[in-house]
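Given chain D's structure and the hints, the job is docking chains R and E onto it.
Residue numbers (the working numbering), protein chains in the order written: chain D, 1 to 390; chain R, 391 to 551; chain E, 552 to 794.
To be clear, the hints were calculated from the coordinates, so they are not data collected in a lab. Among the hints, erroneous ones may be present.
Cross-link-like lysine-lysine pairs, in silico, BS3-like; alpha carbons within 25 angstroms at most [what the hints assert, rightly or not]:
1) D:308 x D:50
2) D:184 x D:264
3) E:720 x E:599
4) E:775 x D:184
5) R:468 x R:514
6) D:264 x E:759
7) E:585 x E:599
8) E:585 x E:756
9) E:599 x R:514
10) D:137 x D:308
11) E:759 x E:585
12) D:264 x D:50
13) D:308 x D:222
14) E:659 x R:514
15) D:219 x D:308
16) R:483 x R:446
17) E:585 x R:424
18) D:264 x E:659
19) D:137 x R:395
20) D:301 x D:50
21) E:659 x E:775
22) D:375 x D:50
23) D:50 x D:222
24) D:219 x D:50
25) E:720 x R:446
26) R:468 x E:720
27) R:465 x E:720
28) E:720 x D:347
29) R:465 x E:756
30) D:301 x D:224
31) E:585 x R:446
32) E:720 x R:424
33) R:446 x R:465
34) D:308 x D:224
This one's a predicted model, so the numbers in the text were calculated from it and none came from an experiment.
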Amino acid sequence: MNGVEGFMYPNEIALQWSVLIVLYPFITGLVAGAFILASLERVFRVEAVKPTYRLALLTALAFLLDAPLPLQLHLGHPERSPEMYFTPHSTSAMAMFGYVYLWYLMAVLVLEIWLDYRRDIVLMSQQSKGFLRLIYKVMTLGSSNISERSLAIDERVGWIVTIIGIPSAFMLHGYVGFIFGSIKANPWWSSPLMPVVFIFSAMVSGIAAVMLLYMAITKLRKQKIDVRCVDSIAMYLFYIFIIDFSLEMLDLIHRIYEADESFKSLNFLVHTQLFIPHIVIQILMGTLVPIVLLGITQVIKLPEIVRKRMYAVAGCLTMVGIFAMRWNVVIGGQLFSKSFLGFTTYKMALVTREGLLAAIALTILPFIFLWVLIKLLPPWGEEHEAAAAD
Amino acid sequence: MSVFKDAGHLFRFAGLFVLAFLLFLVIRGFVVPKTFGQYGHYRGAAIGDVAAHPVKFAGHQTCEACHTDILDVKKNGKHAHVNCEACHGALAKHADDPASVTPVRPDTAVLCARCHTASAAKPKGFPQVVPADHSTGLPCQMCHNPHSPAMDAGAAAGGTK
Amino acid sequence: MNISRRQMLILLPAAAVAWKSVQAGTPEDSPNYKMTDHWWGMLIDVPKCIGCGNCVRACQTENDVPDGNFRTWVERYHVTDENMTSPEVISPDGGKEGFPVAQEDAGKYFFVPKLCNHCADSPCTQVCPVGATFVTPDGVVMVDQSYCLGCAYCVQACPYGCRYIHPEKHVADKCTLCYHRITKGLTTACCETCPTGARQLVDLKNPKDPIHEFLKTHSVQVLKPQMATGAKAYYYDLDGSVR
Chain D
1 MNGVEGFMYP
11 NEIALQWSVL
21 IVLYPFITGL
31 VAGAFILASL
41 ERVFRVEAVK
51 PTYRLALLTA
61 LAFLLDAPLP
71 LQLHLGHPER
81 SPEMYFTPHS
91 TSAMAMFGYV
101 YLWYLMAVLV
111 LEIWLDYRRD
121 IVLMSQQSKG
131 FLRLIYKVMT
141 LGSSNISERS
151 LAIDERVGWI
161 VTIIGIPSAF
171 MLHGYVGFIF
181 GSIKANPWWS
191 SPLMPVVFIF
201 SAMVSGIAAV
211 MLLYMAITKL
221 RKQKIDVRCV
231 DSIAMYLFYI
241 FIIDFSLEML
251 DLIHRIYEAD
261 ESFKSLNFLV
271 HTQLFIPHIV
281 IQILMGTLVP
291 IVLLGITQVI
301 KLPEIVRKRM
311 YAVAGCLTMV
321 GIFAMRWNVV
331 IGGQLFSKSF
341 LGFTTYKMAL
351 VTREGLLAAI
361 ALTILPFIFL
371 WVLIKLLPPW
381 GEEHEAAAAD
Chain R
391 MSVFKDAGHL
401 FRFAGLFVLA
411 FLLFLVIRGF
421 VVPKTFGQYG
431 HYRGAAIGDV
441 AAHPVKFAGH
451 QTCEACHTDI
461 LDVKKNGKHA
471 HVNCEACHGA
481 LAKHADDPAS
491 VTPVRPDTAV
501 LCARCHTASA
511 AKPKGFPQVV
521 PADHSTGLPC
531 QMCHNPHSPA
541 MDAGAAAGGT
551 K
Chain E
552 MNISRRQMLI
562 LLPAAAVAWK
572 SVQAGTPEDS
582 PNYKMTDHWW
592 GMLIDVPKCI
602 GCGNCVRACQ
612 TENDVPDGNF
622 RTWVERYHVT
632 DENMTSPEVI
642 SPDGGKEGFP
652 VAQEDAGKYF
662 FVPKLCNHCA
672 DSPCTQVCPV
682 GATFVTPDGV
692 VMVDQSYCLG
702 CAYCVQACPY
712 GCRYIHPEKH
722 VADKCTLCYH
732 RITKGLTTAC
742 CETCPTGARQ
752 LVDLKNPKDP
762 IHEFLKTHSV
772 QVLKPQMATG
782 AKAYYYDLDG
792 SVR
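Okay, chain D solo, but in the shape it has when bound:
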């Protein structure tokens, strides 16, 4: 049979979940991670990361708007997806998607962004012209009250929203981990650790993404990167990465030690088809190298320029590594037979609805959204202009 080694149940030979389903947890992971970084400033009062606060929120929103798209392209009947809102099945983790997504989008992210930007929105609705003016006017919801009192209320409510937002972010991405972790039919997925691993790897990818975006955009704007800020972000990245790596190693060691009926098959898979994506890309390049690089910057005091380069390299490798982790979970979990007697291959198409080009387009799209959001709601207002003037 084409691409089949050993025996697969006849219906298992073609993969059901494609690269788009790899992309979805990657994107929602970035959302959750970016939000956690923003909450570091808002709730935990880590002043150092303040320059990235608004950028982190906009990044989260840009990616959140993109997140449903890979799912819609994958569904056999995307026009029926509202059924998840009308008749969600309470025993299905996937059914939670609609409501958790909507809650996180409207009651957390949009609300928090709106509250933080409201003063700027009102001012811009008064200063801009034409169609843009209309957009801002709508965003004010008809209220132009930016008195001290109202802004203080916004601040307070925003703080509460962020507090609620942290477990909401964990839900948004943790449930994705549970979607896989609760499938007893698939031993590569079935694990109580899965939601936790997903959450921590989400935080790692989200924080790395905001760090990279901040460094890149600041350079594009020809401004000076706040090194104390990136130092702080890198430190959080380092420690969360340690936790993430420990969890993944725990899963691996447990698997190897218990060596249940699935072990022989999965072990073979990791040594052959998944060797490059799992061992080389995810573990070595995507986890160990960034941890070592970040660890060095934590222990040795290196010159600023060297530190920034190391952060950039570590950040990029991290993004690749976390994408590889999603690939290894989703695709890897479908490459072996549930009979444990054979393997198949993933034939990724190029131009089909679920092909590589679609995946690339959906990866680029959130950056376009982010560009629009930054134009509409500039993260750096007079505050940064004033800092640059010092």
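Here is chains R and E on its own, set in the frame of chain D:
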């Protein structure tokens, strides 16, 4: 009172939520199928949808109701429990209107070989031969009555019904 | 059964009436079918299976199963002393055209027909986000193809690999235990065409069902019992090497 004045925008935001929720409930009332939840968390009428699929195999009782002569030959032979359509294919259309559909007599060279070609994989007690050696090219029905195939079961009938 | 002309005159119209009722299409038209009176399953008598593939072909004909997908299929196992825990298994095109001739050797061979197990605690039903797949009150797991989103979560959740996404309808599809037949007093297409009686429908709520009697007096197993799915496809004489 001044609290509400300075928090007016929040009430507008909340108001949007409430409006959207009410709209959702209205749409839901129209969109969710009427039989949903009848027996469980699914559309009850779906059971009828599946049950309405057309039947293609008539089932041996239907064949036997008319073809009693064949049944008489078959019922005491080795193929007593081999149902008619196992060899003759799906014939619900023929049962529905016998004149309109004339079943095609199966090609024994292909049909009999499917079950009776010798293989180490088949159960030991099952009658199996190597077709080329066994019949030297002759069609099976020259010696075996398909409806009662044992050699000592009576006249082979040489291929007629 | 020697039938006289007189009996024939009664039988023929009765057959015609029975046939019309069979064709009617909805359980309501076959009077006397009450879902709660039945609890369906299937018995697979492994030693009787000769791997002829009749069942796979009949299922495809009866249910318009697309090529390359299988509502039922047959696997052939070859177990030797060396590979008791990793048997050699083949299922060429699901066993649809039978199997290649096997050569005699020291190992044991047997055929294992497989289908949806119509699990009483089905994991596929548990994970469906919208309620498009469900267990009927008479124990048949079905898909509502006008409601299914085609997300394939149920396909991932089935431990037995019996589900697939229909290539043209883009919804989940699988064995329906020929519900459109069993609700009219017929048996499933696979059981009807099995020449050796290796597959038999069973109604677990019918004390007079001979197969039900068989289940009560013989050792039977289900596939992957550790999954606790409440599978209702019972295998007689199933070898431990079967996956």
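Hint check:
no. : hint          : verdict
1   : D:308 x D:50  : holds, 18 angstroms
2   : D:184 x D:264 : holds, 18 angstroms
3   : E:720 x E:599 : violated, 36 angstroms
4   : E:775 x D:184 : holds, 11 angstroms
5   : R:468 x R:514 : holds, 17 angstroms
6   : D:264 x E:759 : violated, 46 angstroms
7   : E:585 x E:599 : violated, 32 angstroms
8   : E:585 x E:756 : holds, 12 angstroms
9   : E:599 x R:514 : holds, 10 angstroms
10  : D:137 x D:308 : violated, 40 angstroms
11  : E:759 x E:585 : holds, 17 angstroms
12  : D:264 x D:50  : violated, 49 angstroms
13  : D:308 x D:222 : holds, 16 angstroms
14  : E:659 x R:514 : holds, 11 angstroms
15  : D:219 x D:308 : holds, 12 angstroms
16  : R:483 x R:446 : holds, 7 angstroms
17  : E:585 x R:424 : holds, 21 angstroms
18  : D:264 x E:659 : holds, 23 angstroms
19  : D:137 x R:395 : holds, 19 angstroms
20  : D:301 x D:50  : holds, 23 angstroms
21  : E:659 x E:775 : holds, 21 angstroms
22  : D:375 x D:50  : holds, 20 angstroms
23  : D:50 x D:222  : holds, 19 angstroms
24  : D:219 x D:50  : holds, 18 angstroms
25  : E:720 x R:446 : holds, 21 angstroms
26  : R:468 x E:720 : violated, 43 angstroms
27  : R:465 x E:720 : violated, 43 angstroms
28  : E:720 x D:347 : holds, 22 angstroms
29  : R:465 x E:756 : violated, 29 angstroms
30  : D:301 x D:224 : holds, 20 angstroms
31  : E:585 x R:446 : holds, 23 angstroms
32  : E:720 x R:424 : holds, 23 angstroms
33  : R:446 x R:465 : holds, 24 angstroms
34  : D:308 x D:224 : holds, 12 angstroms
In this structure, the earlier hints numbered 3, 6, 7, 10, 12, 26, 27 and 29 are contradicted, and the remaining ones agree with it.
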